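Q: So the protein lines, in turn, are chains A and B. For the first sequence, the positions run 345 to 409 when my numbering is used. For the second sequence, the positions run 147 to 466 when my numbering is used.
It cannot be assumed that every hint is accurate.
To be verified - Okay, derived cross-link-like pairs now, BS3-like style, lysine-lysine, Cα gap no bigger than 25 Å in a straight line: (1) B:221 <-> A:406; (2) B:426 <-> B:401; (3) B:221 <-> B:432; (4) B:426 <-> A:406; (5) B:401 <-> B:458; (6) B:426 <-> B:221.
It should be emphasised that the hints constitute simulated quantities derived from the structure, not laboratory data. Predicted model only: the values in this text are computed from it and were never measured.
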Amino acid sequence: MTEMSQKSLIGRIFRRGPWETAATAFIGAGVLMLMQPFALALYTWSFLTTLTGVVMFVIVSKFPE
Amino acid sequence: MTGNHIPDALANRLATATPPKLAARVRGLSDKAIAWLFITPTMILLLAINIFPLIWTIRLSFTNFRANRTNAVVKGIGLDNYTSILTDPDIWAAMQSTAHFVFWTITMQTLIGFTLAYLLDRKFRGHGFWTTIILIPMMLSPAVVGNFWRFLYQPQIGLFNYIISFFTGVDPSSFEMIGSVTLAPWSIIIVDTWMWTPYVMLICLAGLRSIPDYIYEAAEVDRASTWRQFWSITIPMALPFIMLAVLFRGIENFKMFDMVNLLTSGGPGSTTEVASITLKREAFEKWRTGFSSAFAIILFVTVFGLANIYVKALNQVKSR
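Same shape as in the complex, but just chain B:
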């Protein structure tokens, strides 16, 4: 009863506070019009901060515009920027670095994440505590993670080299993770795997928990072995969830910037120069704005395509 009176009183107070002219105008509006009234500010904001810059970038990608030479004449150069990018061996190499990074992070995250999810699904004593502990890296900011892994990778004072030395007997100051051409890509892969495996684990755990117990019970009645149950029930039924995790991490790692920038900045040389680092260099070091706009559009179309597949996979999981 009281619950009904408070909103009424509030409504009355609002009604008396509303200027009569405005009240009359709003009263004449349909439900649809009022809905539009509420949506419009968000739409305007989205158009201003998302759609307009996108259209502007598409426009710039067909020009020779340089953001550090605003007085220079901007010429339309057609598809020249796109042709240059798609025939440039250096950018192709950056794409291969990205592929190397995406492939290994996804493989490691999926394998470790699924194994952890499978173990946590056993519901042993204290599994809630261990789930929370495992999830901690995912909750940290990439800036924080990047900075403290830089310290961990220090050859003189870093803990990482000492741990490797403890297990392998190699002198800790004899190798440098970030400074070595062969080890630098792996240093980023290790950090990304450490940070994002919990996320893959969470999705896999959701997949494993969605498998009804009666399927396993029926399999046991049929005297199926644990190995057989794993390959014929667990994997096929958890596969859409695993695919979802793989696609999501694939999209995220394809546009990875913060961690690489903090750890190696693309070095040594250009061994860890992934696509987003190349884009930053072209846009803000070489100031080739038109060229980098075209590159951004190429990356955007790729990510948009992958996102479409992701949404399709998500709908398949939902319909289960």
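The shape of chain A in the complex, shown without the other chains:
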């Protein structure tokens, strides 16, 4: 029973939908940071943000629906 509830908890946490949305948000933020004209610091960290989003997207796309 405990194992079942643990499995369902893991299943609830690792659902594709919200994680994919989070990855998309990272990619979107990264692209905006790359092209914005306001702060060089944001531009500097843009690639890392986009890369995080892309890696995250590739991983979470394997999660169950």
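Start from chain A and add chain B according to the hints.
A: Then chain B, alone, in the frame of chain A:
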């Protein structure tokens, strides 16, 4: 009956033509193995022309390699190329030029494209003819478009300046679209909008045609005004398609090279130097191969990220 005999005869001819040794070897293969046999050449080709250069570029991006100094010692410099790019104000400026170009082309293409699609969806007399006429610019090669717009933009002989002069009364030789610092970015935006609005229009038209008529009929029964129907039915239901068009054009314009190179080559100065032009200059004029490899990887990751969002949006549209 005849239809069945021809393939049989062909199969028999092939069977007799196949050397017995080869036939015996193939006969022992499973369906999966035969499928792999067919896929393997394509896989090898893809690995050779896509995957291998990508891995090689990633490797080069961590070195100081210069393609014009092949005898020089290649040193690993870690993340130095990436740090240089991501702290370089000139490359940041190129990114802003790209953003300016992407933002305005997408805005104009979406607005004009959607309006045209909305008008063509009315199905008036001769709408098929007008759809074909509107689609013509999209079918032309960017090289052709770039060259003839260069002629159109000529201040002395170009038609564009005369049309502007006709409507505004400004002397046609008093301004130069390609040579002016303020007008050069707009000259590229105008050409790209002229060429790719039909594409956005096509996607929007598909979206508008996918809205069932009964929804509008129900709205009319409820006495909803045309304006209300537009904002509550047309726009929400066509939105996934519009998003698809925006994302696709965004990705394409982010890596735009041909049109900019043909029209302005990044000039005057560096006003129209978009990211791909900077990349070309670093790679083939300054010969900083390692540096430009790192820059290419940064652009690749960005486009790959946008493509992921595009595929996600495409799946949402498909599931509708």
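Q: Any hints this thing doesn't respect? Which numbers, in order?
A: Going through the list in order, the structure violates hints 1, 4 and respects the others.
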